[in-house]
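> Assemble chain B onto chain A, guided by the hints.
Protein chains in written order, with this note's numbering: chain A, 1 to 853; chain B, 1 to 338.
In short, the hints are calculated from the structure, not lab data.
Straight-line alpha carbon distances no greater than 30 angstroms define the calculated DSSO-like cross-link-like pairs of lysine-lysine that follow:
#1 B/LYS47 <-> A/LYS329
#2 B/LYS280 <-> B/LYS93
#3 A/LYS490 <-> A/LYS500
#4 A/LYS490 <-> A/LYS363
#5 A/LYS79 <-> B/LYS51
#6 B/LYS52 <-> A/LYS73
#7 B/LYS47 <-> A/LYS147
#8 A/LYS459 <-> A/LYS31
#9 B/LYS95 <-> B/LYS66
#10 A/LYS271 <-> A/LYS114
#11 B/LYS66 <-> B/LYS52
#12 B/LYS54 <-> A/LYS147
#13 B/LYS189 <-> B/LYS66
#14 A/LYS500 <-> B/LYS335
#15 A/LYS238 <-> A/LYS459
#16 A/LYS31 <-> A/LYS47
#17 A/LYS490 <-> A/LYS479
#18 B/LYS47 <-> A/LYS47
#19 A/LYS438 <-> B/LYS335
#20 B/LYS54 <-> A/LYS79
#21 A/LYS566 <-> A/LYS605
#22 B/LYS51 <-> A/LYS73
#23 B/LYS52 <-> A/LYS147
#24 B/LYS51 <-> A/LYS147
Remember, predicted model here, so these are calculated numbers, not experimental data.
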Amino acid sequence: MPETTSEKPTEKKVEQPSERVYGVGRRLIGKNYVTPDLYAKVTGQAKYAEDYHADGMLWCKLLLSPLPHARVKHLDTRKALAMPGVKAILMADELPPPADNLTDNGTVIKANPKAERALTMEPLYQGEPILAVAAVDEFTAAEAIEKIEIEFEPLPFAIDPLETLRPGSPNPRMEGNIWVQAHPAPAAAGAAPPSPPPPTIGQLKWTEADFANAKEGQLPTGKTPDEWTYGDVDGGFKTAALVLDETFVTPDTSHQTLETRSALAYWQNGKVYVHTGTQSTAQTVPAIARWLNIDRSNVVLISEYTGGGFGSKITGGISLIIPALLSKKTNAPVMMRISREEETYIGRARPSLMGRMKIGFSKEGRIQALDMFVIANNGPYDAVGDVPSSGRIVSLLYQPQAMHWRGATILTNTPPRSAQSSPGGLQGIIIIEPIIAKAARQLGLDQVAIRRINCPEGKAPFGPAINGKRQYSTSAFLKEALDRGAEQFKWQERISRTPKRVGSKVRGVGVSLSTYVGGTIGFDGLLVITPDGRVRFQSGIGNLGTESVMDVHRAGAEILGVPWEKCEITWGDTAKNLPFTCVSGGSQTTHAMTRAAYAAAMDAKKKLQEIAAKTLGGKPEQYELANERVFRKGGAGMTLAQAAKRAIQLGGIYDGHEVAPDLNRLTKASVTALAGQGLVAAAKDQYPRDGGTFSFVACFAEVEVDIETGKYHITDYLAYADVGSVIHPRALGGQVLGRSVLGMGHALGQKWVFDPHYGAMLSTRFYQSKPPTILDVPVDMRWEALDIPDPETPVGARGVGEPPVGGGCAAVLNALSDALGDEIFRRAPVNADTILASFEAGRPMQHPLMAHI
Amino acid sequence: MAVIRDVMPAFELLQPNSVDEARHLLEQHAGDAWVLAGGLDSFDWLKDRIKKPKAVVDLSGIEELKGVRSTGDGIEIGAMTTLTEIVQHPVVKEKYSLLSEAASVVASPQIRNQGTIGGNVSQDTRCWYYRAGWPCYRAGGNICYADTPEGRNREHAILHADRCVAVNPSDTAPALIALAAKFVIRTRKGERIVDAEDYFVGPEIDITRLHILQDGDLLTAIRIPSTWAGAKFYFEKVRDRNVWDFPLLNVASAMFLSNGNIEKMRIAVNGAAARPLRLKAVENAVRGMPANAATGQTAGQLAVQGAVPLQFNAYKIPLMRNLVKRAIGGVEEAKWTS
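Extracted from the complex, chain A is given alone in its bound form (with noise of 0.2 angstroms):
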């Protein structure tokens, strides 16, 4: 039978993970090791929020918009209301007013009145929550949404980016389409960051004539809110060897965590105690006080574990006060379950963008000149980051000596987008990965050669000039990752193999750079020894299933010289006194809080040093830590645990009764709260860092392609890393790989169907929107890693999460225009249909320019 009737193409001997030994010279760092909330994963005990129950606890359903734009015009629950078991309805009007958010720098962002709420009466999209019921149970509050009458006044929609650029074209909401901000006059010397006004909404429309110079199939190239250039554009494409001028398009995709973002919330004393699943443990709570209006102090947030992110997660969602202020009118806990459907239309997606990119190679091919074009389909609501992170991490990845960068946002009435893993990254690379692609074929050069004359290189520059100097990156080694990929792809065996096709079957190999940022700095570290003997680290990272929650914690555990075995870790409970860390978003964590628990780590390096010398004799640098002992070579030492209770006898900086005054306002609350309790060590990362972080893969791909069906199989992958220091080896691979995947998913289906004439999606169900399945994927997927430390933070990582996304991606769809030419596709995903018609008509058969099909 040929293989596409089969789930498993090939049956493959499944090679073993990297036998590479990382960490060379250290104790925890680059080892592997079960993480403390792994059994509990397996097992099934690990509670979600869905898990927990309540006495008394409500259940609350939601009414959603079946319109993409619309205003409420009749609305009446009486009969809802008069329902046994119906306990309240809340509608919009009942929400908090939007507070404004004042930054740890003392900066107030305004709050933006036209900024998304958790509820409305005027639906800017299909699926927008207008009302919720609360009942005695979920069946009840479904019957009861049945029985509201509700009328809406249907208004103007766009659901298309372009469509509405277009002259006369209906706007997605009554102002407009695009975000416009209004940038202050900067700080004087001294004083706080003046406050930004909040954005207000414009129109940006494009002429006829911007239409028209577009030829069949290029995306046109209108004005733009946005614009920066580097370099001499005009005169690197007139010495260039190879000009090359192409239009490409991204799917949208849904984040679709296997958790849909369900909320349980309580109130008691005052405080509103939330259950829900997030990226960020710490961090939501200013989140949910800013949503709720209410002061930080009277937010508890429970979230030991978070069925996945991806980035629609980073503070949760702003469903979660729904329960809470249901809960409020109720005086009851209320529980939300939010349905697959419903995460479909309010739990995020990325933003589809358009691209147009003109390149100017020279024969050996370096990009002389970049003409990068780019517009977003971000839904109604706060703009997403794509478009400009686009432009930067194309300039960062393939060095164009001169760059020409063009974006606009624009608003639709589609779900609201927000970051998914390598934000604009992504989009950027697979729009222009395969024109570097097809010059290298034009220009008789190798994929691996053309990628490797461009790529960055140590401190390599991005983006447009800043004051007159451009940015860098930190370090990079991505040269080093691609030889040494090509070298273990065996690259240069695969493209010289004879034959290409077999019957119906082609065989392509693609290759792909990628990189995104990787990593922030400033956050706090804090830890308790105990006077047992135990070293408890504080964390106040989600548990999104990076185990980034534990893992920076080693860096802390390896200075201190103690057993992981005598370390622990309290993390998912806000009430359990946390310190100020990162979000866990834009691969931050694992750079970010490595150096914050490196510096709390130093920090009770030196009390210890302290204590000993103290109660010991000598100089605290004569002591030294090792075996759970601090004590001077050849003389007197004490334990941990005997340091710990000489350090709640001397108190002060010791055990937390004095604070570090440079620890941020949260941190200092928590150490405060464990005073007395131990050695308290806490600390703000105050490394120093020249340069921006970013983390970088290079990917390779070999797929094969059944020119008959249009279907195809990714046979072979490779993505070799380079992520400065290696921390968790197995959490890394499963980083490296997992987001490949999500990346392939973007290549091999994934996507949104909208009907345009009533602005309905269609496509709500994963058989229909079709995520990636783990029998889409080469069932051997290898990675490696490069292990060279960063220079410039202390510990050498930075985070991964985002970099294989692009890559993954790219590889795909550059082995497929190696296996097919370069006129098949024009936009990603591509799929049977792509392949099959144009195949069928020798060119390009899918319309690049529309949207959602």
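Just chain B now, with coordinates in the frame of chain A:
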């Protein structure tokens, strides 16, 4: 009134132990009863509150509807036999592997463990407008949303559309047609036996259902005669994902060859129309012809005659042509030597 989806409403659950009892319950609740087999199709309808029966008659407790039995001439498969059981059944594998092959690529392993053969052939279409509750022809309205100038119809019909352009999504149906199976139906008047291809109807006959079952009727068994046992079979399903996906198109065929020539053949495709299509013109045209690529090519051309593409499904024409070609001429395995 407002609409809510994805929460199952209440209904009376009836769990008969015999076909007679089930038939009796269906009579009792005529017009308001829903027949539940494995539930994979039913639960979507119920959870979305688009179908709101007062009573659900669950067939899972009826032992006489389960299992594969040998008959004097072939086998009989109870309608409630799971797809997994069919995939694993030694006689099916040995003599009617076309069916086990087809059943093995339905949806996912979990769904095959729960889904039944009766449910698989009786399931409703997956047209995304109809399934989302749009008031289309098939739902009793007077428009087809998929067949409008802007309608999204990548997965819709290229043949025999009549107002409605939905397709039948079953993988086992074309295999059963190719095996000349008979469907056993218990009706008000007693037992009725129909040819597999006559079990399915297009919109020109009944626009609201994909099969001939009327209210109160039960599909009880599928009989496969030995006529095609051990024939040269071909089954292929093309889908977007390697698991958990409906077919874009599938093809099933059975051939007897004599000296390389086709003595007789049965072939059916699904995913092209509202019912699985038995390609009789192809069967007739290839009789006596060599089973090779050239015959396949001709047969493929013949198969797609009259196909009318919609805006987004023109690819189904070369796809159907190629699948029919491969059913006859075979497909060359890619054996890469390096």
